[in-house]
Amino acid sequence: MFAAIILLVLVLGTVVFHYLSPWYFTPIASNWAKMDDTVTLTFVVTGLGFVLVNAFIAYCIIKFRNKEGRRAKYEPESIKLETWLTGLTTVGVAALLAPGLVIWGEVVTPPDDAVEIEVLARQWNWSYRLPGEDGQLGAVAVSHTSEDNPLGIDPSDPFGQDDIIVYDPVLHLQLGQPVTFLLRSTDVLHNFTVPQFRVKMDFVPGQVSYIWAEPEVEGSYDLLCEELCGVGHYAMRGRVVVDNDAQYAAWIADQPTFADTQAGLNTDLVAGQASYAVCSSCHGANAEGNKAMHAPRLAGMDAEYMKRQLRHFKRGVRGAHQDDTWGRTMAPMAMMLADGSAINNVVAYIDTLSGQSEFDGDASYNLSAAVERYAPSASGDPNKSAALYQSTCAMCHGASGEGVWTVNAPNLTGLDDWYLASQIKNFRDGVRGRHSDDLYGLQMGLVSNTMTDDQSIEDMVAYIMTLESNKEEPVTLAQQR
Amino acid sequence: MEHIAHDETSFVRPAEVGEMELYHPKTWLGKYVFSQDAKTIAIQYAGTAIAIGMVALVLSWLMRLQLAWPNTFTFIDPAYYLQAVTMHGMIMVVYLLTALFLGGFGNYLIPLMVGARDMVFPWLNMISFWVYFMAVLLLAASFFVGGGSTGAGWTLYPPQAILPGTPGSEAGILLMLASLAVFIIGFTMGGLNYVVTILQARTRGMTLMRMPLTVWGIFVATVLALFAFPALFVSAIMMALDILLGTSFFMPAIMTMGTESEHVGGNPLLFQHLFWFFGHPEVYIVALPAFGIVSDLISVHARKNIFGYRMMVWAIVIIGALSFVVWAHHMYVSGMNPYFGFFFATTTLIIAVPTALKVYNWVLTLWQGNIHLTVPMLFSIAFLLFFINGGMTGLFLGNATVSMPLSDTLFVVAHFHMVMAVAPVMVVCGAIYHWYPKITGRWYHEGMARFHFWVTFVGSYLVFLPMHYLGIMGVPRRYFEITGTSFLPDSAQSVNASITIAALVVGFAQLVFIFNLVVSSFNGRKAPGNPWNATTLEWQTAHTPPEHGNFGDELPCVYRWAYDYSVPGAEDDFIPQNVPPRDRQAEVTP
Amino acid sequence: MSSIFTEQPWIPDTGPVGPALSGTEIGLNARRSALKVLLSVVSIFFLLMIVAYGGRMLYQDWQPTPQINLLWANTGLLLLSSLCLQWALMCSREGKMDWVKRALVGAAVLTVLFLAGQLAAWQQLISMVLGDFSNPSVGFFFMITGIHGLHMAGGMVALSRAIKRAFDGGDAAGIEHSVSNCALYWHYLLGVWLVVFGLLFSGNNFEVLLRICGFI
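Residue numbers (this note's numbering), protein chains in the order written: chain A, 43 to 523; chain B, 54 to 643; chain C, 51 to 266.
Hints should not be assumed to be uniformly reliable.
Label pairs and their computed distance ranges (CB to CB) [claimed, not checked]:
{"#": "1", "chain 1": "B", "residue 1": "543", "chain 2": "A", "residue 2": "47", "range": "30 to 36 Å"}
{"#": "2", "chain 1": "C", "residue 1": "109", "chain 2": "B", "residue 2": "81", "range": "55 to 61 Å"}
{"#": "3", "chain 1": "A", "residue 1": "63", "chain 2": "B", "residue 2": "581", "range": "46 to 52 Å"}
No lab work stands behind these hints: they were computed from the structure. On a predicted model such as this, the values are computed, not experimentally measured, just so you know. Using N, Cα and C, we set each Cβ at its ideal position, and we do this for glycine too.
My request is simple: use the sequences and hints to build the entire structure.
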């Protein structure tokens, strides 16, 4: 009896839980409502079967429990009953399968009016490419991929020149416009999932897979990788923003073409120097930084990283949080850089700076020596954080902190210890990297969550400092290249 | 052999089968360590499998701790988490369940149930265990090498598995591949033994259709394993060559960590096809023995013949055969040609029909039975609940369209734990309690067994039912943590915490289980030879536990099927298989 | 076996029970069935590799392995050793033990030569591709020939036991059994080799493969 009651409680509890718990699909934002309908249909049919069969079991346990003098009925088989049950099940299964197959037919055939957007997934970030005016995407190859051409577009292919490059994890889509996502990876398997769109598909390196959807609700949605792709898998986040026509037009006009990005490689150092004049008041004439002003050393900082941060400051993606005092100081400064090419120029100029302190007359003063000025925090124990650095941080920032460009992870060597510590804390505490457009910031925030107390951050910074001093050759500065 | 059963000449008294060459151990080492007795080998298999399974259980606790209270246990970093996920999955599926059902139950039950003195190749059987043992050692070694064990997920998908960026891509993955290859070699030796013993060494009168369903389940599962493991073996070799020689089976031209690799032209999907060509039958390698065993448990403890024996046999065979043509339902969103989805969705849902029929027949066996709610019966009923639940969610995931929003989420994790982890484990527990008196000659402690049952039963359900809903909400699997999304409510985290608490309690109950098994084998009550009044041959042995050679001087002769319970007109409510029909009894008894 | 479909297992024996097989008979039957089961497992193994190879061929960037003419000679050696074993089997049935011994040794020598030839072919290929294994067809070549060679080497264990048995002068039935098992194994591996060599390594038989698979 007890067993039967518990069984019934579990079964009825399942049904009650299903209907009463708040946990179900997130509201749909695409054309795939019929996919949700098939799920509902399957819930109804299987739920009915589940309850009936289990209720029957409970009934049997109560009714046919062993009692004095009871003897079971001897009945080897009943072909008739078994055939009936098989037939009934077949009908039920067919009822589930048929709509599934019909809708699957729609899933695999994108409509004629769908536009194509290429999504490039790579450990552990997203970028996008839209066909330009010619309506066609240019050829790509892994062998063309480099820091200057991160999407690997064939420079000799005329179709590629006008391709629109979105080298950022945020993609905008036009409301009501069906899109076929062409999925390309250059390293491992990834997966394109926007939970509100319902459809998802894997990326497979060496081929292009596809999936299509029509965004039907304006809004901003998380893009997740749902195929295990390494240590950073859970932090591989992107964002899809569904815009109305006007917003979309504004966004697309702002995105560079491939030709633009290549032209942007030619920088004007004179203009950069002029812009830097403002910066130097805090960051120092040689970009050596100033701890008193909380201005980090910029010499030796990753160029691509600086450009991205300047763009973020400019757009209010960074330096907008009310607790980010120093970020808020920096944001208006970045506003003074008029456009992308101004940012490129000033970063190119910073790259030429020595990082040498003005007050230090010694000409042989190199970067390693510069870092020695900041003794690792007195309380930081590098041995405590070595394992975490090598298992986790090194996956993006490199085993010796050199930075890895495909991961968009800047080098950590050559940075001030106080600056590293303050930024890790900012990431962890949500002061930095929580803006919805700052997906790399979110990534770093998720990873820095593993350092729960300040002491572990001190330990980590101490370890990063040893990476610097252990290095045999001096840090490669632009001026030494 | 087929002429044996229904011959038309006169009825003869069983004559002794000529003594098979039995190995007679002379030393302690030969008797207990390098034993060639299938029963000892079975216990060695089971002991090793459960021991490594405990490691996997602990790994699951670590995973659950991180998911419930992210970053509280700071030694669990993302890499460590992935390693725990991978090793937990691989150990549980291959090294625990496969080895336990086929190596453990297969070795113990096949010879006894078909009436043979031992496996047909006892020496090969002994080697098979030690090769398996070596595979377990290799696997365990990967915890201790530089870089740690592999964290590529139990599916080991390349290119990720062998690239930096994945934990254990240095030595861990190679040890894993080597361990799998060794396991497969060992299994093939054992599998040949099981299949040939069933085909060639059945005692007189034991036609195929008189075999207990346990033997049928193990037999078909072994055949599946023999045919499915080569796919894993091939892919392990290919991946190892990709690592060691720089071939390009699975590795296309890629750029990893900012540098271009030397590979060119490999196909990662090829691995997935090979893997799932193994991986899907693997599900049934675990499930079919469970189906078979649970049929017998239900029949014995409901004192009723299994309903529709012939359909049950054919359902096992059909499920086994179909399991080879459904593999790509694991790959609906893998980037393979999506048109394959039509075929594989159809074949997958067809499998639901024979599977459902098995469920009906189990339930109809309870109907008008005489149900004894013993511990094995309780576990059988628990199996039914979990299997029906997991089977139903299988209808979601097998149907390409329905599966799309759910694939790669915790819904999948919950589904396969229900159907191929908890459900078979229920059968394992039930079966261990059922045969414990025969194997040890003593009773388990009833109170501890019931405590173990109720905690495991209710607890496991509380672990895996809510997990489905996390998946429906969109929580991806293999995520170290899920903060930072805009669509998951904070309550998702509390669901995770409650799951973890339930999982820890269930895990604790397993310690009670093992304690009970060990302690009762020394000071449990003495058990009679056939405590459940069962009909199959293993309960009819002269000694309990059965001695070497199983059946004493004379092999039993089989006159009837294994399900003569509550036969009308019979005195007892069971008639053992080796009892001749009443009108023949005078001729048989000398 | 036919009764398996019609048997109503719940009906107890009304008829008699026939005599049992002896332990020796069970042992011999078991060996034969074990070999058959093993060969079907090996078939799946090679089939998977061939399917993988064929599937890879369909891609546009496919470059076949360079031709190695030595393989033709190796094929001949394997064919001869298989014939030798067939001859040994026929002689053992007629009880001509002297000829059985000669044929068995002949088969063993030819097999060793075959394996040596395969190794030589490997060396040729390694020097042809300059140690670069990144072309998938080269990888497949080494893997498939290597695994086939390992199977032949494994067979040599059984063959050498059969030779030992023949020279020790054991019972004729037992010798016939092991010779016939060896012969079956050799014929089978010859068949595998002919399929593998014929389809994959004897030239670019892509079209033939497509035709077999029903694509053309």
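Results for each hint:
| no. | hint | result |
| --- | --- | --- |
| 1 | B:543 with A:47: 30 to 36 Å | holds, 34 Å |
| 2 | C:109 with B:81: 55 to 61 Å | holds, 59 Å |
| 3 | A:63 with B:581: 46 to 52 Å | holds, 49 Å |
Every hint from the earlier list agrees with this structure, and none is contradicted.
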